[in-house]
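Protein chains: 2
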Amino acid sequence: MKTRIISGAVLLPLLLFFIIYGGLPLHLAVVVISIMGMYEFYKVLSGKILPVHFFGFAMCVFYGVFAQNIVETAGMFSAMTACFIVLLMCYMVLRHKEVDVKDVFITFFGFYYVCFLLMHICLVRNHEYGQYFVWLIFIASFVCDTGAYFTGVTMGKHKLIPELSPKKTIEGSVGGVLWALVASVIFGLAISRVVVFNHISTVVLCAIIGTAGSLLSQIGDLAASAFKRYMGVKDYANLIPGHGGILDRFDSVIVTAPVVYYIMIALL
Amino acid sequence: MKTRIISGAVLLPLLLFFIIYGGLPLHLAVVVISIMGMYEFYKVLSGKILPVHFFGFAMCVFYGVFAQNIVETAGMFSAMTACFIVLLMCYMVLRHKEVDVKDVFITFFGFYYVCFLLMHICLVRNHEYGQYFVWLIFIASFVCDTGAYFTGVTMGKHKLIPELSPKKTIEGSVGGVLWALVASVIFGLAISRVVVFNHISTVVLCAIIGTAGSLLSQIGDLAASAFKRYMGVKDYANLIPGHGGILDRFDSVIVTAPVVYYIMIALL
Numbered sequence: 089m090k091t092r093i094i095s096g097a098v099l100l101p102l103l104l105f106f107i108i109y110g111g112l113p114l115h116l117a118v119v120v121i122s123i124m125g126m127y128e129f130y131k132v133l134s135g136k137i138l139p140v141h142f143f144g145f146a147m148c149v150f151y152g153v154f155a156q157n158i159v160e161t162a163g164m165f166s167a168m169t170a171c172f173i174v175l176l177m178c179y180m181v182l183r184h185k186e187v188d189v190k191d192v193f194i195t196f197f198g199f200y201y202v203c204f205l206l207m208h209i210c211l212v213r214n215h216e217y218g219q220y221f222v223w224l225i226f227i228a229s230f231v232c233d234t235g236a237y238f239t240g241v242t243m244g245k246h247k248l249i250p251e252l253s254p255k256k257t258i259e260g261s262v263g264g265v266l267w268a269l270v271a272s273v274i275f276g277l278a279i280s281r282v283v284v285f286n287h288i289s290t291v292v293l294c295a296i297i298g299t300a301g302s303l304l305s306q307i308g309d310l311a312a313s314a315f316k317r318y319m320g321v322k323d324y325a326n327l328i329p330g331h332g333g334i335l336d337r338f339d340s341v342i343v344t345a346p347v348v349y350y351i352m353i354a355l356l
Numbered sequence: 089m090k091t092r093i094i095s096g097a098v099l100l101p102l103l104l105f106f107i108i109y110g111g112l113p114l115h116l117a118v119v120v121i122s123i124m125g126m127y128e129f130y131k132v133l134s135g136k137i138l139p140v141h142f143f144g145f146a147m148c149v150f151y152g153v154f155a156q157n158i159v160e161t162a163g164m165f166s167a168m169t170a171c172f173i174v175l176l177m178c179y180m181v182l183r184h185k186e187v188d189v190k191d192v193f194i195t196f197f198g199f200y201y202v203c204f205l206l207m208h209i210c211l212v213r214n215h216e217y218g219q220y221f222v223w224l225i226f227i228a229s230f231v232c233d234t235g236a237y238f239t240g241v242t243m244g245k246h247k248l249i250p251e252l253s254p255k256k257t258i259e260g261s262v263g264g265v266l267w268a269l270v271a272s273v274i275f276g277l278a279i280s281r282v283v284v285f286n287h288i289s290t291v292v293l294c295a296i297i298g299t300a301g302s303l304l305s306q307i308g309d310l311a312a313s314a315f316k317r318y319m320g321v322k323d324y325a326n327l328i329p330g331h332g333g334i335l336d337r338f339d340s341v342i343v344t345a346p347v348v349y350y351i352m353i354a355l356l
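Those protein sequences? They're chains G and A, same order as listed. So that you can map any letter, position 175 of the first sequence is 263 in our numbering, and since no number is skipped, the others follow by simple counting. So that you can map any letter, position 44 of the second sequence is 132 in our numbering, and since no number is skipped, the others follow by simple counting.
Calculated from the structure, these hints are not laboratory results. Quantities reported herein were computed from a predicted structural model and do not represent experimental measurements. Be aware that one or more of the hints could be misleading.
If chains are identical, the list can't say which one is meant, so a pair holds when it fits in one copy or spans any two.
Calculated cross-link-like contacts (lysine-lysine; reagent style DSS-like; alpha-carbon spacing at most 30 Å) [said to hold, decoys possible]: (1) LYS136 to LYS190; (2) LYS322 to LYS185; (3) LYS245 to LYS131; (4) LYS185 to LYS247; (5) LYS245 to LYS185; (6) LYS90 to LYS247; (7) LYS322 to LYS255; (8) LYS190 to LYS245.
Just chain G, with the same shape it has in the complex:
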C-alpha cells in the first residue's frame, strides 16, 4: 500500500502536467502510454511479443498523429480500420507458416481496446470545453477506484464478483460510485461560474458524466481482471511499483475516457 501511494504521488504531477498542457505533449504521452499498454496486453494474451503485434503498434502511432477530432477525421478512422484488417490479412498470407490466427485477433482487438479507447482522453481535451471536462475522466476512474477501496475496507461485507476480483465488495462498488458522484458535483459547482450552457446545468452534466463514468470504470477494472484471469496472471506487468503495469493502472480510464467524450458530444 505504501509503495502504491508513493509511486502514485510521483506519477500524479506528471499526469497533471500533460492534462493541463494538452495539445501535442498530451497526444505523445497517450501514444506512449498506449504502446506500453498494448505491449503488456499482447505479451499477456499472446504469451510473448510477436511480429504481428507490430501492426498494432504502427496503427497506434498512426492513429495518434491524426486523432485530433474523431468527428472530422473519422473518415480516416474507417479507412484506417480497413487498412489494418487488409494489412493483417497480407501478413497472414505471407507468414502463413508461423502466424497463429489467434494472435491476429489479439493484435486487432488490442489496438482498439487500449489505444483507440485511451485516445479519447485527447479527444475530450481537444473539445471546446475539454480543458474542464477532461478532469472528469480521472475523477470518475481514480476517485471511484480509491473511494471503492476505502469504502470496501471500512464497511465491505458482500463480495461483488469473487471469481474475478476476490477483494471487491458490493458496498465498495456502490461507495466508489457515490464518491465519484460527490466529487463530480463538487467539480461541477467549481466550474459552474466559468462553464455555462443554456440547455443544461453544468452541475447536472458533471453528475451524469461522473455517475456513468464511475459505473463503467468498474466494468473496465473487472474486464481487465477477466483478461488476466483468462491467462492466469495477477498483473499485466510490474512497471509501476504497487500498481502493476500501465494497464493495471489505466484499465478503468480506458473505459471512462470514451464515456465522458460521447456523453459530452451527445449533451453539448
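We have chain G already, so just place chain A on it with the hints.
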C-alpha cells in the same frame, strides 16, 4: 464445376438487381449477406455459435442502418466501435464463468472483417459516381477469380502458395490480374462518355482500381484460406452448391469493396 456455374447463374441476376437498384434494398441485402457471413466465420472460428457472437450480429444490423456515407457518419462509427468494446467487456464480466476470451476477440474481429468491409459495397454505391464504379468491385474480384482459374488450368505451372491454396499457380494469379485489368479498361472505355473528370481519365482510374482491387482480392481469397486452414476446414459452409459458403464466395469482394471505395475517395 457444373453445379458451380449453374448456381452462379442463379445468383448472378439477384446480385445484379440489388446493385442496379441500390438504396435500401442493397443495404438490406448486404446486411443479410454480412450476417450469414459472420455466422459462418463465427461458427468456423469458435467451433459453434455462442451468445457472445450476437453482439457482432447486433452491431451488423446497427451499422447497416446508418452506413450511408462513412465520412458523414464516421463519428458514429467511432462511437459504435467504443460501444462494441464496452458491451463485450460488460458481457465478459457478467458471464465470466462461461465466456472464453478468445471468442470475444473472434466476435470483435468477425464484425469488421465481414460486415464492416462488405458494407463498403453500399458506400461505393451511395457515392456520386457509385452507380458506375460499384461494378469495379465485382470486375476486380469475380473476373480476377475466374480469369485466374482458367489461366491456371490452361498454363499454370508454378504453385503460388500450396500450403494455403494447393491449386493456385503464379501464372493463374498473374493472369487473373491481367484479365481484371483488361475488363476494367473496357469498362472504363464504356463509361468514359458519361463519366468525365477534369483531373483524371476515367479509363486510367478504372485501370488503377481494377489492378489494385484484383491484386488485393487474391489476398482476401488466400487469407480466407488461412482462416479455414487454421481451423482445418475446406469451406466455411456448403450453402451455395459448388461455391461453399457465403464467405467462400465473397472472400475476395470483402477486400475489393474497401479498395474501390478508398481509391475513389482519394482520387475523385
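Structure-based check of all given hints:
Taking the shortest alpha-carbon separations for LYS136 and LYS190, both the intra-copy value of 13 Å and the inter-copy value of 16 Å come in at or below 30 Å. Only between protomers do LYS322 and LYS185 lie at most 30 Å apart by alpha-carbon distance; the minimum there is 18 Å, versus 32 Å within a single protomer. Taking the closest pair of Cα atoms, LYS245 and LYS131 never come within 30 Å of each other, the shortest separation being 35 Å inside a single copy and 42 Å across copies. Only between protomers do LYS185 and LYS247 lie at most 30 Å apart by alpha-carbon distance; the minimum there is 16 Å, versus 47 Å within a single protomer.
For the homomeric pair LYS245 and LYS185, the shortest alpha-carbon distance between copies (22 Å) is at most 30 Å, but the shortest distance inside one copy (53 Å) is not. For the identical chains of this complex, LYS90 and LYS247 are intra-copy neighbours only, at 25 Å inside a copy versus 64 Å across copies, given an alpha-carbon limit of 30 Å. With identical chains, the CA atoms of LYS322 and LYS255 are at most 30 Å apart within one copy only, with a shortest distance of 13 Å there and 48 Å across copies. Neither within a single protomer nor between protomers do LYS190 and LYS245 lie at most 30 Å apart by alpha-carbon distance, with minima of 40 Å and 33 Å respectively.
Of the numbered hints given earlier, the model fails hints 3 and 8; all others are met.
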